[in-house]
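Protein sequence lines correspond, in order, to chains H and U. Under the numbering used here, the first residue of the first sequence is numbered 528, with each subsequent residue one higher. Under the numbering used here, the first residue of the second sequence is numbered 528, with each subsequent residue one higher.
There's no promise every hint is true.
Where chains are identical, the list cannot tell them apart; a pair therefore holds if satisfied intra-copy or between any two copies.
Said to hold, decoys possible - When the alpha-carbon atoms are kept at most 25 Å apart in a straight line, the in silico PhoX-like pairs for lysine-lysine are as follows:
1. LYS871 with LYS654
2. LYS846 with LYS796
3. LYS883 with LYS571
Since the hints were derived computationally from the structure, they do not count as laboratory data.
2 protein chains.
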Amino acid sequence: MQVKVSGSNNYLEKNNIVCFFEPQSVAVVGTLRESYFGSHAIIKNLLEVGFMGKIYPIDVSCSEFMGLKVHASLKNISEKIDLVLAIVNSSMISNLMIECVEKDVKAIIIFSNSFLESDEGKFILQKEVLEIAKRSGIRVIGPNTAGIINTGNSFISHPYIMGHGKIKLGGISLCGQNRMISPHTYPFADFHYGISKVCDLGNKSDVDESDILEYLENDSSTKVIAMHIENIRDGKRFLKIARRVTYKKPVLVLKPGRTNEQVFDAACKQAGIILLEKFSELFEIPKFFAFQPLPKGNQFGIISYTGMGAALAADEGAKYNLSIAKLSPDTIAKLNVISPGLCKSVVDLGPLMALKNDYISVYPEILKVVLEDDNIDCLFHILWAAPMGPFLEDYIKIFRNLRSVSQKPVVIWVYGPRQPNVYDLTCNLEDLGFPVFSALETAIKAIGLAYQYAIWKGRKP
Amino acid sequence: MQVKVSGSNNYLEKNNIVCFFEPQSVAVVGTLRESYFGSHAIIKNLLEVGFMGKIYPIDVSCSEFMGLKVHASLKNISEKIDLVLAIVNSSMISNLMIECVEKDVKAIIIFSNSFLESDEGKFILQKEVLEIAKRSGIRVIGPNTAGIINTGNSFISHPYIMGHGKIKLGGISLCGQNRMISPHTYPFADFHYGISKVCDLGNKSDVDESDILEYLENDSSTKVIAMHIENIRDGKRFLKIARRVTYKKPVLVLKPGRTNEQVFDAACKQAGIILLEKFSELFEIPKFFAFQPLPKGNQFGIISYTGMGAALAADEGAKYNLSIAKLSPDTIAKLNVISPGLCKSVVDLGPLMALKNDYISVYPEILKVVLEDDNIDCLFHILWAAPMGPFLEDYIKIFRNLRSVSQKPVVIWVYGPRQPNVYDLTCNLEDLGFPVFSALETAIKAIGLAYQYAIWKGRKP
Numbered sequence: 528m529q530v531k532v533s534g535s536n537n538y539l540e541k542n543n544i545v546c547f548f549e550p551q552s553v554a555v556v557g558t559l560r561e562s563y564f565g566s567h568a569i570i571k572n573l574l575e576v577g578f579m580g581k582i583y584p585i586d587v588s589c590s591e592f593m594g595l596k597v598h599a600s601l602k603n604i605s606e607k608i609d610l611v612l613a614i615v616n617s618s619m620i621s622n623l624m625i626e627c628v629e630k631d632v633k634a635i636i637i638f639s640n641s642f643l644e645s646d647e648g649k650f651i652l653q654k655e656v657l658e659i660a661k662r663s664g665i666r667v668i669g670p671n672t673a674g675i676i677n678t679g680n681s682f683i684s685h686p687y688i689m690g691h692g693k694i695k696l697g698g699i700s701l702c703g704q705n706r707m708i709s710p711h712t713y714p715f716a717d718f719h720y721g722i723s724k725v726c727d728l729g730n731k732s733d734v735d736e737s738d739i740l741e742y743l744e745n746d747s748s749t750k751v752i753a754m755h756i757e758n759i760r761d762g763k764r765f766l767k768i769a770r771r772v773t774y775k776k777p778v779l780v781l782k783p784g785r786t787n788e789q790v791f792d793a794a795c796k797q798a799g800i801i802l803l804e805k806f807s808e809l810f811e812i813p814k815f816f817a818f819q820p821l822p823k824g825n826q827f828g829i830i831s832y833t834g835m836g837a838a839l840a841a842d843e844g845a846k847y848n849l850s851i852a853k854l855s856p857d858t859i860a861k862l863n864v865i866s867p868g869l870c871k872s873v874v875d876l877g878p879l880m881a882l883k884n885d886y887i888s889v890y891p892e893i894l895k896v897v898l899e900d901d902n903i904d905c906l907f908h909i910l911w912a913a914p915m916g917p918f919l920e921d922y923i924k925i926f927r928n929l930r931s932v933s934q935k936p937v938v939i940w941v942y943g944p945r946q947p948n949v950y951d952l953t954c955n956l957e958d959l960g961f962p963v964f965s966a967l968e969t970a971i972k973a974i975g976l977a978y979q980y981a982i983w984k985g986r987k988p
Numbered sequence: 528m529q530v531k532v533s534g535s536n537n538y539l540e541k542n543n544i545v546c547f548f549e550p551q552s553v554a555v556v557g558t559l560r561e562s563y564f565g566s567h568a569i570i571k572n573l574l575e576v577g578f579m580g581k582i583y584p585i586d587v588s589c590s591e592f593m594g595l596k597v598h599a600s601l602k603n604i605s606e607k608i609d610l611v612l613a614i615v616n617s618s619m620i621s622n623l624m625i626e627c628v629e630k631d632v633k634a635i636i637i638f639s640n641s642f643l644e645s646d647e648g649k650f651i652l653q654k655e656v657l658e659i660a661k662r663s664g665i666r667v668i669g670p671n672t673a674g675i676i677n678t679g680n681s682f683i684s685h686p687y688i689m690g691h692g693k694i695k696l697g698g699i700s701l702c703g704q705n706r707m708i709s710p711h712t713y714p715f716a717d718f719h720y721g722i723s724k725v726c727d728l729g730n731k732s733d734v735d736e737s738d739i740l741e742y743l744e745n746d747s748s749t750k751v752i753a754m755h756i757e758n759i760r761d762g763k764r765f766l767k768i769a770r771r772v773t774y775k776k777p778v779l780v781l782k783p784g785r786t787n788e789q790v791f792d793a794a795c796k797q798a799g800i801i802l803l804e805k806f807s808e809l810f811e812i813p814k815f816f817a818f819q820p821l822p823k824g825n826q827f828g829i830i831s832y833t834g835m836g837a838a839l840a841a842d843e844g845a846k847y848n849l850s851i852a853k854l855s856p857d858t859i860a861k862l863n864v865i866s867p868g869l870c871k872s873v874v875d876l877g878p879l880m881a882l883k884n885d886y887i888s889v890y891p892e893i894l895k896v897v898l899e900d901d902n903i904d905c906l907f908h909i910l911w912a913a914p915m916g917p918f919l920e921d922y923i924k925i926f927r928n929l930r931s932v933s934q935k936p937v938v939i940w941v942y943g944p945r946q947p948n949v950y951d952l953t954c955n956l957e958d959l960g961f962p963v964f965s966a967l968e969t970a971i972k973a974i975g976l977a978y979q980y981a982i983w984k985g986r987k988p
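Just chain H, with the same shape it has in the complex:
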């Protein structure tokens, strides 16, 4: 096959991943038949979230779709195309690639599956795609991907109908390789923390985890990087990039199949990568890093509505060399002026709540006194979502002011008798920038991983 190469020859030299995240114009190639998956869904999603770039549907079945002019082929579009989104039969992909070359397209996302994962003939097709890409400088994400999200420009190239809610803008970027990191899987729109980018790499015929890591390294709106990696294409390159990136921003990695991967684990740790263990942690632990400063030491204080929690927190903390802080005599004295017996091993608000009807009025002072104690590097706050009283509003007011009181990290676990109250308080606290964890132990683990990362960062030149 002869291909006229009009692209530059800088493949792999230049990390031109930016086209995938910041296209001004996209062509969506594939049948527009209504379905839960496909071109139809991509365009519907793009329009719903309010993508501001140009959208060019490409299909032969109709001339107009959702108010957009439909073209029969890429060739028929006179304007420049930054990115092609393709859901086409694998047998048509080579022709589409050639059209991309001719149109000087710089990037293509191939959503279709049935390439590498099916049979030999199709494997050849994937190879062919890659050869054209290499020769022409076109970068390819996929095949078999759920696409890209960039909340900054409302670009959501997601091929599943999902009734998109607005995803909150923020500093967390996620990367995966099996569709399980995208918004038909996890309810990004229901999260109360912000997302910068999401990228599903699919089969990784071309663009891989190293490319994305390098892109996110220099993406100023990405504060934290969380990756789900099943296999690493080029371990040496990945670790080399990671060693550089982890010094600038935290990189969290979940890699399944780690049972026999002590070598990989050790290399990751040396590179400053924060290793996760569970799928749900990908969506929870980054919140600490996005919202909170790193702890300066391993001593955490506990303010709680119950004496409970200390023992479980101590158990979990020990895994990360964390200890429950011993408050200074000065702090204990101050707390006992607020209410006698307030502070034993941990600060227990329960008895105070029973003793003082207006206890909420002294609560900000308690937070302040504890956070000012030099023995405390981090606060673990266990909150009771009580079913009565104006507590939610009180909490919102108090936590809105908390950042001016202290620059130490605060993590929260909320419990309570009714799920809706717990949920309301959780959402409101996260909207204010305080990470709330689904389990007491996950909150402590987040502190522990942040502390380990702080040590690693301190060690770097």
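On the provided structure of chain H, position chain U as indicated by the hints.
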């Protein structure tokens, strides 16, 4: 102090814990002043949940409360009292105990704190209470407890106002010792699985974890026992009872401070106790045991909407000696008749859903074929709560019929793009008796613990 002992002398000989769970008449002693905690709350809760026994408020401040006659003292009640619920100042507790003896009360729950946990003088008070109890045969739960729940007779002696929803009846009984196991902490009323008993032991001045374990052993409505134990009063007695109980029903134990407790862990395992690690597991793992049969072997199958999950499930399963089952050639052939390529390493419904518009019509057959494979001991089902289509109703219909298809255990993890859909599907499946876990790894852990328990049980005579 002289006490007339009218009770029998069978203290500790007879496990008369039944009075705490099945009282026909209760006296509630303490000020009826409106507060989020106290007698007022207990009586309000009892009336709200529809307790069918007699309720006698005891207070000097009024003569009528919520339609109930208020007495000034226990002595003034002519009817028999099975159980006294006391929220009184610790200095008044000895007098109350003496009144209990005179009234031939068999059991008292002391909710008040400020006993053991405060100062020496009050420690003496607690000792005094216990001496009276021992001489008279009165059993004591507390002090510093959040009380007892028995869903069977709507008896909820819970001293916090919480706007009680109805707790579903079922086979799980929970026991703790620090108020963190009671319905002001965890939203029992929002759970979609059933509860039999809940007991918070508080300071354990008298009734302890061994007493409760022995009571639950013979409680026919308790199918699974889950305990949060901070310290064990009499380890030898506890393990002796546990060795007997674990053969009849599963006993799950969370014990904090286990970092240095290898000896305790080993003893528990020998006694057939299932050890938990996280607080949330107390409320999740028992669901498997309450809803599902035990797996007969260590091979689990996966049906999923995504190839993902297999690697993470394999990692987690390895901790419990579980493996992903290799389906028989016969099963694979049958599945490929339903849809070509349906079964690779795991059964992936995703492509099928894209290929077949009526895929839901073949879905019950897929479940049946997989569950009938002799290589499968348990099914791990990953479900996608899709945002469109009549899927929820389809699932409900299919899962309602599933039990007649197979007697093998099925555990479920649900994911999806919108939290409300995930929640709806989760609730409906649990209402049908299928445990849904909050995380993929927790689902696998539940299978793993059930498999270990099955091995242990098989080993017993």
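How the hints compare with the structure:
Proximity of LYS871 and LYS654 under a CA criterion of 25 Å is satisfied inter-copy only: 22 Å between copies versus 67 Å inside one chain copy. Taking CA atoms no more than 25 Å apart as the test, LYS846 paired with LYS796 passes in both settings, with 16 Å inside one copy and 22 Å between copies. In the homo-oligomer, the alpha carbons of LYS883 and LYS571 lie at most 25 Å apart only across protomers (22 Å), although the nearest pairing inside one protomer, at 55 Å, exceeds that limit.
Checked against the numbered hints listed earlier, the structure breaks none of them; every hint is satisfied.
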